[in-house]
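Asks: Sequence:
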Amino acid sequence: WPARQVKDDLQTSVIGAFATAITAFNDANASMDQFVTDNYTILRQALNTNENGPTDGSGLTPEEQDQVGQWSQYSLDGVGGGDCSRWALASALANKYGTREGPNGKEINLPADVQNKLMDGMPLHFPPNRSEIDQITRWQGVQIADPNAERDGFPGGPGLMTQQLQSLGIDSAANNAASSAPEAVTELTNQMTADLQAGRQVVVNGSPSPGGGHFLSISRVTFDQDGQPQYWVNDSNRTSAGTRNGGTLPYPCDRATLERFLRNRTAAPPGYSTVP
Numbered sequence: 071w072p073a074r075q076v077k078d079d080l081q082t083s084v085i086g087a088f089a090t091a092i093t094a095f096n097d098a099n100a101s102m103d104q105f106v107t108d109n110y111t112i113l114r115q116a117l118n119t120n121e122n123g124p125t126d127g128s129g130l131t132p133e134e135q136d137q138v139g140q141w142s143q144y145s146l147d148g149v150g151g152g153d154c155s156r157w158a159l160a161s162a163l164a165n166k167y168g169t170r171e172g173p174n175g176k177e178i179n180l181p182a183d184v185q186n187k188l189m190d191g192m193p194l195h196f197p198p199n200r201s202e203i204d205q206i207t208r209w210q211g212v213q214i215a216d217p218n219a220e221r222d223g224f225p226g227g228p229g230l231m232t233q234q235l236q237s238l239g240i241d242s243a244a245n246n247a248a249s250s251a252p253e254a255v256t257e258l259t260n261q262m263t264a265d266l267q268a269g270r271q272v273v274v275n276g277s278p279s280p281g282g283g284h285f286l287s288i289s290r291v292t293f294d295q296d297g298q299p300q301y302w303v304n305d306s307n308r309t310s311a312g313t314r315n316g317g318t319l320p321y322p323c324d325r326a327t328l329e330r331f332l333r334n335r336t337a338a339p340p341g342y343s344t345v346p
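Position one of the sequence shown corresponds to residue 71 (the numbering used here), numbered consecutively onward.
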């Protein structure tokens with residue numbers, strides 16, 4: 071073949087190969103762009119956020135988190151001594167699902183299936199009112215014989231709490247200490263801290279004083295400048311004004327105080343349920 075023809079053929083082949091490669095590269099870029107766009111949309115929907123940040127139904131604001139930390143089980147009609155588990159559950163759900171504006175004020179942004187199972191379709195306000203706490207009480211299997219008297223407490227420990235959370239579709243796991251001995255409580259606290267660091271809330275069963283039992287929730291753990299953990303405890307053992315009672319865990323709470331609360335649970339080993 072003439073040299074010029076060979077040269078022209080080579081140029082055509084090389085140009086064609088580059089054109090094919092560029093087209094494939096552009097197609098790949100377009101596919102990747104679409105993949106990123108689609109999955110970003112899915113992620114925003116899962117997190118219930120828009121492109122400009124949280125919507126009405128997103129996670130709690132710092133101010134709302136602080137409000138939950140001051141909720142009192144004694145704030146409704148002067149009764150509430152047995153309601154700690156209901157307030158612990160409500161505080162965990164508030165931190166998990168955030169809030170929304172309802173027709174009668176701010177509500178916890180419960181998914182429809184959770185609202186139907188837990189609340190029989192009624193809203194759960196932020197904070198809850200008496201009828202809503204009583205609905206949770208009945209859902210827990212506790213009868214209310216006298217509406218003017220203290221309600222009975224939760225009929226179990228972390229095992230039952232976890233079963234009931236699972237019935238709502240929440241992938242909860244129960245963790246119990248082997249005993250109330252210091253070594254067992256330290257091991258339990260290590261596991262709890264790991265769960266909190268992994269982004270799971272916990273509903274904890276301990277006691278403000280030796281014996282008995284008391285439920286509270288912990289929404290997160292942070293670490294101070296010395297590397298010491300600070301547990302953001304939602305303890306409803308507060309006066310009706312939201313101030314601490316004797317034995318109320320502070321907000322936040324250090325590890326030594328949390329472990330004392332766990333060791334005080336001597337009627338049965340302390341434990342907790344995760345709320346991912």
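Derived from the structure by calculation, the hints contain no laboratory data.
Be a bit skeptical, because a hint or two may be false.
[Said to hold, decoys possible] Below, a list of computed lysine-lysine pairs in the DSSO-like style, where the Cα atoms sit at most 27 angstroms apart:
| no. | residue 1 | residue 2 |
| --- | --- | --- |
| 1 | Lys176 | Lys166 |
| 2 | Lys187 | Lys176 |
| 3 | Lys187 | Lys166 |
Note that the coordinates shown come from a computational prediction; the quantities given were computed from them, not determined experimentally.
Asks: Compare the structure with each hint and give your call.
Replies: Hints, one by one, checked against the model:
Between Lys176 and Lys166 the CA atoms are separated by roughly 15 angstroms; this keeps the pair inside 27 angstroms, and the hint holds. Of the pairs offered as hints, the one joining Lys187 and Lys176 holds, with about 20 angstroms between alpha carbons and a cut-off of 27 angstroms not exceeded. A threshold of 27 angstroms between alpha carbons decides the hint, and for Lys187 with Lys166 the separation of about 17 angstroms falls inside it, so the pair holds.
No hint from the list above goes unmet by this structure.
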